[in-house]
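Undergrad: These are the residues of each chain, in order.
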Amino acid sequence: MTVGSGAAGARVDLERGSGDNMILNMGPQHPSTHGVLRLVIELDGEEVRRCDADMGYLHRGVEKLLEVHDYRGGITLTDRMDYTSGPSNNMGYLMAIEKLMGITDDIPLRARYLRTAVAELSRLAAHHIWLGTHGLDIGAMSAFLWSLREREKILYLFEEACGARLTTSFMRVGGTGPHDVGDQWLDNVEAFLDGYTLDEIDALLTENEVFIERTRDVGLITQEQALSYGLTGPVIRGSGIAWDLRKAQPYAAYDLVDFEVPVFTEGDVYARYLVRLNEMYQSKRIIGQCVEALRDLPLDAPSNVDLPQVVPPDIGRVPVDMEAMINHFKLVMHGVQPPPGESYFGIENPKGELGFYFVSDGTGMPYRCHVRSPSFVNLSIIEEISVGSLIADVVAIIGSVDIVLGEVDR
Amino acid sequence: MLVPAASPTLAPENVLERIRQHAGTAYLGGRVDHGDPVAEVAPQAFPALFPAVRDDSDLKLEQLVDVTAVHWPLDVGREFQVLWQFRSLTNNLFARVTARLADGASVASATGTYASALYLEREVFDLFGIRFAGHPSLKRILLPEGYEGHPLRKEYPVEGPTFPEDAHRNDLVGQLDPDDFWADVDKANGA
Numbered sequence: 001m002t003v004g005s006g007a008a009g010a011r012v013d014l015e016r017g018s019g020d021n022m023i024l025n026m027g028p029q030h031p032s033t034h035g036v037l038r039l040v041i042e043l044d045g046e047e048v049r050r051c052d053a054d055m056g057y058l059h060r061g062v063e064k065l066l067e068v069h070d071y072r073g074g075i076t077l078t079d080r081m082d083y084t085s086g087p088s089n090n091m092g093y094l095m096a097i098e099k100l101m102g103i104t105d106d107i108p109l110r111a112r113y114l115r116t117a118v119a120e121l122s123r124l125a126a127h128h129i130w131l132g133t134h135g136l137d138i139g140a141m142s143a144f145l146w147s148l149r150e151r152e153k154i155l156y157l158f159e160e161a162c163g164a165r166l167t168t169s170f171m172r173v174g175g176t177g178p179h180d181v182g183d184q185w186l187d188n189v190e191a192f193l194d195g196y197t198l199d200e201i202d203a204l205l206t207e208n209e210v211f212i213e214r215t216r217d218v219g220l221i222t223q224e225q226a227l228s229y230g231l232t233g234p235v236i237r238g239s240g241i242a243w244d245l246r247k248a249q250p251y252a253a254y255d256l257v258d259f260e261v262p263v264f265t266e267g268d269v270y271a272r273y274l275v276r277l278n279e280m281y282q283s284k285r286i287i288g289q290c291v292e293a294l295r296d297l298p299l300d301a302p303s304n305v306d307l308p309q310v311v312p313p314d315i316g317r318v319p320v321d322m323e324a325m326i327n328h329f330k331l332v333m334h335g336v337q338p339p340p341g342e343s344y345f346g347i348e349n350p351k352g353e354l355g356f357y358f359v360s361d362g363t364g365m366p367y368r369c370h371v372r373s374p375s376f377v378n379l380s381i382i383e384e385i386s387v388g389s390l391i392a393d394v395v396a397i398i399g400s401v402d403i404v405l406g407e408v409d410r
Numbered sequence: 411m412l413v414p415a416a417s418p419t420l421a422p423e424n425v426l427e428r429i430r431q432h433a434g435t436a437y438l439g440g441r442v443d444h445g446d447p448v449a450e451v452a453p454q455a456f457p458a459l460f461p462a463v464r465d466d467s468d469l470k471l472e473q474l475v476d477v478t479a480v481h482w483p484l485d486v487g488r489e490f491q492v493l494w495q496f497r498s499l500t501n502n503l504f505a506r507v508t509a510r511l512a513d514g515a516s517v518a519s520a521t522g523t524y525a526s527a528l529y530l531e532r533e534v535f536d537l538f539g540i541r542f543a544g545h546p547s548l549k550r551i552l553l554p555e556g557y558e559g560h561p562l563r564k565e566y567p568v569e570g571p572t573f574p575e576d577a578h579r580n581d582l583v584g585q586l587d588p589d590d591f592w593a594d595v596d597k598a599n600g601a
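Going down the list, the sequences are from chains A and B. Each residue of the first sequence is one higher than the one before, counting from 1 in my numbering. Each residue of the second sequence is one higher than the one before, counting from 411 in my numbering.
Quick caveat, the hints were computed from the structure, so don't treat them as lab data. Don't be surprised by glycine CBs; every beta carbon is placed ideally from N, CA and C. Some hints here could point you the wrong way.
DMTMM-like cross-link-like pairs, simulated, lysine to aspartate or glutamate; straight-line CA separation at most 25 Å [what the hints assert, rightly or not]:
| # | chain 1 | residue 1 | chain 2 | residue 2 |
| --- | --- | --- | --- | --- |
| 1 | A | Lys64 | B | Glu558 |
| 2 | B | Lys470 | A | Glu266 |
| 3 | A | Lys64 | B | Asp485 |
| 4 | B | Lys549 | A | Glu384 |
| 5 | A | Lys64 | B | Glu555 |
| 6 | A | Lys247 | B | Asp468 |
| 7 | A | Lys330 | A | Glu67 |
| 8 | A | Lys247 | B | Asp446 |
| 9 | A | Lys64 | B | Glu565 |
| 10 | B | Lys549 | A | Asp54 |
| 11 | B | Lys470 | A | Glu224 |
| 12 | B | Lys470 | B | Glu423 |
| 13 | A | Lys247 | B | Glu423 |
| 14 | A | Lys64 | A | Asp54 |
| 15 | A | Lys64 | B | Glu569 |
| 16 | B | Lys564 | A | Glu63 |
| 17 | B | Lys549 | A | Glu266 |
| 18 | A | Lys64 | B | Asp513 |
| 19 | B | Lys470 | B | Asp446 |
| 20 | A | Lys99 | B | Asp466 |
| 21 | A | Lys247 | B | Glu558 |
| 22 | B | Lys564 | A | Glu67 |
Cβ pair distances, simulated, as ranges [said to hold, decoys possible]:
| # | chain 1 | residue 1 | chain 2 | residue 2 | range |
| --- | --- | --- | --- | --- | --- |
| 23 | B | Glu427 | A | Asp20 | 33 to 41 Å |
| 24 | A | Glu47 | B | Val486 | 49 to 57 Å |
| 25 | B | Ala598 | A | Glu292 | 47 to 55 Å |
| 26 | A | Pro313 | B | Leu438 | 51 to 59 Å |
| 27 | A | Thr363 | B | Gly600 | 41 to 49 Å |
| 28 | A | Gly316 | B | Asp589 | 32 to 40 Å |
| 29 | A | Asp106 | B | Glu565 | 35 to 43 Å |
Work the whole structure out from these sequences, hints included.
TA: Below, the structure written as structure tokens:
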């Protein structure tokens, strides 16, 4: 029987292997494959000779479903892809629609800052999942508990802002939608930032001899490989390429805040660990600046674009004002209707470049919506860099590439 | 260390011009759409175009970011629009190249130049049924082996090919009276 899906035409024979090699089936219910990834590994002793990734266990047909939802309804599907950072996914989807409609420049400052702050909060939340599970995979149990404790605080902030912890469906096309926040929320974010520290986890892992031994010179990705495999996000920044869409093509309020892009050149698991850890400190910096900027904005600053074909009217006006009622009715029944055309927009998600490609036929539902998911593209490198490493290192490599299967399979 | 340019080194029009030079007679037209250069080429331009745009020092489109397709079933003879989206990290550029294919036709694979095409082309094959000639292992990636049909084609029903005969509530189809159901709901709510 032949199984697996070797990228380079590799076939692993499940029953015999090749020669005396052993076949190991890792996943899809293996805790360290971070979801339902299945790896079929051919082993010579403890050394990996061939590795085939098999995926699709979580395929829900999101792209097909997006074709039959209006643009607003599609928001709820996006946070179910990379469920570790829901609001960031929502933001990528919304900004792609805004680009398609040509209203990117009209988004008010308040919405831009709030989007940036929430995207960075979700980056922290996503990286805390990675940090915890990556540590756990390598044997550091405390890092997992401490890390998830911090993540929990961020989820409380999401819940306060929009009512949901995980599947946030945060914001709408044209601004914040109904999800504007008050001073109380900003106070809570500031209180969170004041108490936020990575120092204990840092002290636990960064200089830990066992951790370094397990991660140094493991899973090496060269610069050429990183480019050829289309890698993005912290994975490419761990291989000495300072590519970050937040800097290269700033969106939201990233051109208004001050931050650095951590880059390490070693290309191993440890370098990717350092990239993400430093990125978390930068995220904290960005959130602090956004909260300050939001406080400085006048109280009556708009948080949505002033376009009736995009943003519904104030609900108080609907029963008393005929035009407002018609406007409300049109938007609820037909949704926003971008002009016919196509566009692609990518944002720097915690895992890498999350892109949405839209084709509009002028109706309220996209003719086609393609999701360029960072985890799917980043996953392809695992088949190559696992070869030659030990079976225990494969676990470290999966952790360091940081995939979410909800996003790989869509 | 590779440090990208702070802003794009070429205007979109110039990117199109470079692609036109590399594609030669296969170049069918180009436009700047929402700020992005979009070139349309004939499928014969591939695979020669891939190494050409990657190795051109002005372009340096080092990454094949995305491969996908759009199905236009009414456009008989050129049903599929395949698109390749490139990025240059060095020069901070973006470019989209599209080609129209007839249903059942195949196009050259980019796997010889970009390893990212290994997965991306398999995804397009899986969901659209478009064949990429020269791909080392072109088979389904998201859907299981032996699955029938290609779901992102427009004729494929959203509910799935066998709904509702094969739906999971098969035993209830045709037996459940909606009025009874809502009467039960009302009763449960104390109405």
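Undergrad: Could you say whether the range 47 to 55 Å given as a hint is met by the Cβ separation of alanine 598 of chain B and glutamate 292 of chain A?
TA: holds, 51 Å
Undergrad: Is 51 to 59 Å respected by the C-beta to C-beta distance linking proline 313 of chain A and leucine 438 of chain B?
TA: violated, 45 Å
Undergrad: Run the distance test for lysine 470 of chain B versus glutamate 266 of chain A: straight-line Cα separation, threshold 25 Å.
TA: Distance ~23 Å between lysine 470 of chain B and glutamate 266 of chain A Cα, so the pair holds.
Undergrad: For glutamate 47 of chain A and valine 486 of chain B, compare the CB-CB distance with the range 49 to 57 Å and indicate the outcome.
TA: holds, 54 Å
Undergrad: Holds or violated: are the alpha carbons of lysine 470 of chain B and aspartate 446 of chain B at most 25 Å from each other?
TA: Judged against 25 Å, a Cα distance of about 16 Å means the pair holds.
Undergrad: Is the hinted pair lysine 64 of chain A and glutamate 555 of chain B satisfied, with a Cα-Cα distance of at most 25 Å?
TA: Judged against 25 Å, a Cα distance of about 20 Å means the pair holds.
Undergrad: Between the alpha carbons of lysine 470 of chain B and glutamate 224 of chain A, is the straight-line distance 25 Å or under?
TA: Given that 25 Å is the threshold and the Cα spacing comes to 13 Å, the pair holds.
Undergrad: Would you mind confirming whether the straight-line C-alpha gap from lysine 64 of chain A to aspartate 54 of chain A stays at or under 25 Å?
TA: holds, 21 Å
Undergrad: For the pair supplied as a hint, lysine 99 of chain A and aspartate 466 of chain B, is the alpha-carbon distance within the 25 Å limit?
TA: violated, 29 Å
Undergrad: Taking only the CA atoms, is the gap from lysine 64 of chain A to aspartate 513 of chain B under or equal to 25 Å?
TA: Holds - the C-alpha atoms of aspartate 513 of chain B and lysine 64 of chain A are around 19 Å apart, at most 25 Å.
Undergrad: Quick one, are lysine 330 of chain A and glutamate 67 of chain A close enough, alpha carbons at most 25 Å?
TA: At roughly 20 Å apart (the allowed maximum being 25 Å), glutamate 67 of chain A and lysine 330 of chain A satisfy the hint.
Undergrad: Hint says 35 to 43 Å; check whether the CB-CB distance for aspartate 106 of chain A and glutamate 565 of chain B agrees.
TA: With Cβ atoms ~38 Å apart, the hint holds.
Hint compliance for this structure: hints 17, 20, 21, 23 and 26 are not met, and every other hint is.
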